[in-house]
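Protein sequence lines, in the order shown, are assigned to chains U and F. Everything in the first sequence is counted per our numbering, starting at 1491 for the first residue and increasing by one. Everything in the second sequence is counted per our numbering, starting at 594 for the first residue and increasing by one.
There's no promise every hint is true.
To be verified - Interface residues of chain U toward chain F, partial, derived using beta-carbon atoms under 10 Å:
1. 1496
2. 1533
3. 1534
4. 1551
5. 1560
6. 1561
7. 1572
8. 1597
Honestly, the hints are just simulated from the structure, not real lab data. For each residue, glycine too, the CB sits at the ideal point set by N, CA and C.
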Amino acid sequence: MPQVFKRPVSLKDVPTHFCPGCQHGTIHRLVAEAMDEFGVRERTIGVASVGCSVFLYGYFDVDVVEAPHGRAPAVATGVKRARPDSFVFTYQGDGDLAAIGTAEIIHAANRGEDITVIFVNNTTYGMTGGQMAPTTMVGQKTSTSPYGRDRAKDGSPIRMAELLAQLGGVAFSARVAVNTPKNLMDAKKQIMNAFRYQVEGKGFSFIEALSTCPTAWGVTPIQANERIGGELIEYFPLGVYKDTAQWKPRIAPPAPVEQPGARAFPEFMNEI
Amino acid sequence: MSQRLFVKGNEAVAMAAIEAGCRYYFGYPITPQSDIPEYLSRELPKLNGEFIQAESEVGAINMLLGASATGVRAMTSSSSPGISLKQEGISYMAGSELPGVIVNISRSGPGLGGIDASQADYWQSVKGGGHGGYHIVVLAPASVQEMYDLTMLAFDLADIYRTPVMVLADSVVGQMKEALVPNPRPVTILPEKAWRVRGRREGTEQMIVKSLFLGDGELEAHNWKLHGKYDVMKENECRQELFMADDAQLVIAAFGSVARIAKTAILMARDAGMKVGLLRPITLFPFPTKAFQEVTLRCKKILDIELNNGQMVDDVRLSVARDAEVYFYGRPPGAGSLPVPEELFEQIKKHY
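Sequences and hints are given; from them, build the entire structure.
If you want it as structure tokens, here you go:
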């Protein structure tokens, strides 16, 4: 009988430490499947961030460098520049990427580093016990916003997929969710698209995956999943925000700067 | 006959890095070290290397961390306020046992301070700097030639001990021009970088570069391992210069640029018939404790001179023989505070 479902080889055969109802495990699996399908596992170097995602090396069967909080895109830059033949991805949460690591993500993206960033947005700091994140919804109660996030004091949740799509170095930016089978299948497709950009050496690709944190949200896994499909997708719409393969430059690109040992940048990077 | 050049201290650092095989540099502009990134931004692309002007010092040190994790030789440079920003990454590199060279052409502080020569980063450099109780190797050049030679040594020590290594100088040494013999890279037997990440191919182990150790007893064992390395460094890597110290009745302890000024004052004292010498630590960590013990077996007066309010003097006091006297003379760094030889000669006369 043919086997129709199996563990991706890029994923280790171990149980995860994630809480019941957390979607990190699902997102890990999609990333691992994409790695298998492109056959890049043997040249992959993952960059782990700080938070629940720190145990990346415990689940992915790939080489991993652990980065300080928020610095994964800078570490990935160093890895990729030193070893351009490797496949490099970071896996970061919302506190890591959208708060302490904003400088690193924006500039790695703007330089068009040939890496893929998987950004898991669960609107909270899960590992540290459910504090307010930059993506926490207005009114959402957390352990550091006990009266609910106040727009006047705390600002509004940051939409990273849209923000990064503005930058010249970004080749691909999309937001996905894994709350329904349909969304999950689409998430896999977009992760494949993001990986394809790097495999073809075409620049920076970004996936924002909405995810649950039933423990920090103080709800059941089912309620958490419903929150994704309701409030969260309404504020963080799913979709592709930039796909340069589909993109026609508005202005003619300027001539590339001549310099020794120049990298071949994809053409779209010349557009401002 | 080898070539003899007339170059700036900062340029000597950059030249040495290239000669040492460093092809990856990550930095951010700050006075008085910007000659280093300027030189490397011009030269590295010609060698198929990578130069990145990072978004910040934090970005630069983490790019160094990433590049170093793949096994290549890489470097960053900055000056005091920027080095403060790098301390997070330096702690992670020390914890992850990653080699890497960090150059600090230090300037005066605290805060924005000024751009003048300073030795006020001694504590920050040799006592860890970041969190967690670690050390890095710290080398203190006093000439353009040493800027070159010690930068090359820094890369070797980093690889041998799997540790970040700092070259600690100031604008006097960084900005002055002197004769330089650009020696070729010494032949050193280096350990294979079996720990580097390269992609987990069939039949190879998964490589993980990390500083997180949560298992029962793991972190304690890791720290004992790190501190075991520091003990080996203390045994094998101490370097110092002794100048006219054999018969000295008073020995000056000074490092870097201030040791240069002290040498002139020592010659003035010798002309006046006073037996004065110099013990100049070249490695600030590991500190040349044995050299101080040996010198103070015979000479019972040490005059420690620094361009700060007294930092290295702590280590001098911990190193000398029990019956030796340690005097201190220092000036906090800032415009106009660099001592002149006559001033140091007065101090010699006071304590001789």
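Here's how the hints hold up against the structure:
{"no.": "1", "hint": "1496", "result": "violated (18 Å)"}
{"no.": "2", "hint": "1533", "result": "holds (4 Å)"}
{"no.": "3", "hint": "1534", "result": "holds (6 Å)"}
{"no.": "4", "hint": "1551", "result": "holds (6 Å)"}
{"no.": "5", "hint": "1560", "result": "holds (9 Å)"}
{"no.": "6", "hint": "1561", "result": "holds (4 Å)"}
{"no.": "7", "hint": "1572", "result": "holds (4 Å)"}
{"no.": "8", "hint": "1597", "result": "holds (4 Å)"}
The structure shown violates just one earlier hint, number 1.
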